Amino acid sequence: MLDVTRIKADFPILGREVHGKRLVYLDSASSSQKPSAVLDAMDRVYRNSYANVHRGVYTIAEEATSAFEAARARVARFIGATAPEEIVFVRNATEAINLVAYSWARKNLSEGDAIVLTEMEHHANIVPWHILAAERGVELRWVRLTPDYRLDVAELERLVDGARLLAVSAMSNVLGTINDVRPLADAAHAAGAHVLVDACQSVPHLPTDVRAWDADFVAMSSHKMLGPTGIGALWARRELLEAMPPFLGGGEMIRDVRLDGFTPNEVPWKFEAGTPAIAEAVGWHAAIDYLDGLGMDAVREHEKTVTAYALRALEERFEGRLHLYGPLDPEVRGGAVSFLFDGIHAHDISQVLDEDAVCVRAGHHCAKPLMRTLGVPATTRASFYVYNDESDADALVDSLVRAEKFFAL
Amino acid sequence: MPGLEDLYREIILDHYRSPRNRGELPVPPAHKVEGFNPLCGDEVVLYLDVDAGNGQVRDVRVSGQGCSISQASTSMMSAAVKGKPLSEVRKLIRAFKALMSIHESKLEGDGGGLDEDGLAPDGADGNAALDDVRLGDLEALQGVVKFPVRIKCATLAWNTLQQGLDEVATPSPAG
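Residue numbers (the numbering used here), protein chains in the order written: chain A, 1 to 409; chain B, 1 to 175.
Hints should not be assumed to be uniformly reliable.
To be verified - The calculated lysine to any residue pairs, modelled on SDA-like cross-linking and capped at a C-alpha distance of 20 Å, are:
#, chain 1, residue 1, chain 2, residue 2
1, A, Lys-405, B, Lys-32
2, A, Lys-368, B, Pro-26
3, A, Lys-21, B, Phe-147
4, B, Lys-32, B, Asp-51
5, B, Lys-146, A, Val-18
6, A, Lys-368, B, Pro-38
7, A, Lys-368, B, Gln-65
Quick caveat, the hints were computed from the structure, so don't treat them as lab data. Keep in mind that this is a model prediction, so the values were computed, not measured.
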């Protein structure tokens, strides 16, 4: 069990008040808060060891380089990668997916090829493929949802037949649904397709082993897992990275540049043009240390408990007037809880909640195709993380009671 | 700190609960125009029956879905422009958007882009020309400007109306 009182104390922002009330932060699926350990680690870089990486031969440049590369190794170890060189630092999961779309897919896919996506994808795992589809005449196929908000895998075999890529989220940012990646990957590989996993929502909340998934590409962001914004990673199997052409051109990504051309650097630096997010990499390292200190199994167990508590509280308090979108079984879902009241728009709900310093997300959550499938314009989403406990779920419910009363017809 | 009662005035909640002029009009002769707020998925659909000869908005119907602010603003707009001369409607649009943007420009840390719909800068002349415009119930919506992210909700119907009137005035080649 996590000691949430102690954890809350590690996050300076959770000590502040908003509108005279204790901050209740329930929007970690959008972006998480940062513990002092992360803030301090980044501060230390800038105060003691800051210089550009992979360039200078002076001491602090070597310190910065070694801290930066240590972060890469830390990320690799956290997700079960074979080697640090399989980790390409990018800005965020969105950029990781775009890197695959622009480099791997544009080299390997042409007119008539197919990509399989799912209805529950975030726009980050849809729009890069729409752009590719429009440019190359690539066909997009969609895995549908079942009535209980899971992927309809009965369709999978037919969909992946002849496809080149299956791109799927490991955990829905709207429904909370956890997708069992391994069987999906097996089906895709059996059909000769590669597998990209958008693990942006799952890596912060579940133990991750990219080799156990048997994935080919995995995208993730630091900012959703207690780390800073501006850094994320693409993990890919080394031989794929080796064969992929560079994405962005510039410094760092080259071995040699001549008037008549260039020779790219080795992986992963081949994909890291320009000065990277150095302090952010170190901050991400500290965030991973913090999460591993809690233990990812304990994180998962804690979130299951709090999510189950919140689901039960919402159902009991509001009965049929509140609709939950997502599986009800905590075993197959994460801590993103989407809901809607009859006749009250998600934005109006979150406006009232803000007055009680309860931070939730209202809107389409960058998943408009999913919203259309659900037949709603928007939902309100509360999402739980390591620093949330039952008291936060209670605060949510109390504030919702007030919101419902306010907008009562 | 602005309170909920600044945002959700009674007249706004009344329009939200009992929206006026809901429905559709046959197209043609009516003109249909849709507006979206990509941020939150609010949607406004207007059916405008414009009498070009008399220069009058003969009838208006609205459909779509969204938050209380966007739907109340749409309802209040429909009541305000129905049966009005086009010139008056145009003035009303400008006056309402000025109501939303004058306050907006006073907001600290306004990153711009909250209102990129080409409203003319509010020079002295512009304001003077709008002085005689009666906003009436619409003034209830001015509390919205204290909640910057909700301004788009309030202006959606008006931007959509402006777009619709422009389309009626200058039909596209596609018809």
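Outcome of the hint check:
Simply put, Lys-405 (chain A) and Lys-32 (chain B) have alpha-carbon atoms about 36 Å apart, too far for the 20 Å limit, and the pair is violated. Restraint check for Lys-368 (chain A) and Pro-26 (chain B): the C-alpha separation of about 29 Å exceeds 20 Å, so the hint is violated. Distance hint between Lys-21 (chain A) and Phe-147 (chain B) is fulfilled; the C-alpha atoms sit about 19 Å from each other, no more than 20 Å. At most 20 Å may separate the alpha-carbon atoms for a hinted pair to count; Lys-32 (chain B) and Asp-51 (chain B) meet this at roughly 14 Å.
With a CA separation close to 16 Å, the supplied pair Lys-146 (chain B) and Val-18 (chain A) stays within the 20 Å bound. With a CA separation close to 10 Å, the supplied pair Lys-368 (chain A) and Pro-38 (chain B) stays within the 20 Å bound. Among the hinted pairs, Lys-368 (chain A) with Gln-65 (chain B) is consistent with the structure: their alpha-carbon atoms are about 15 Å apart, no more than 20 Å.
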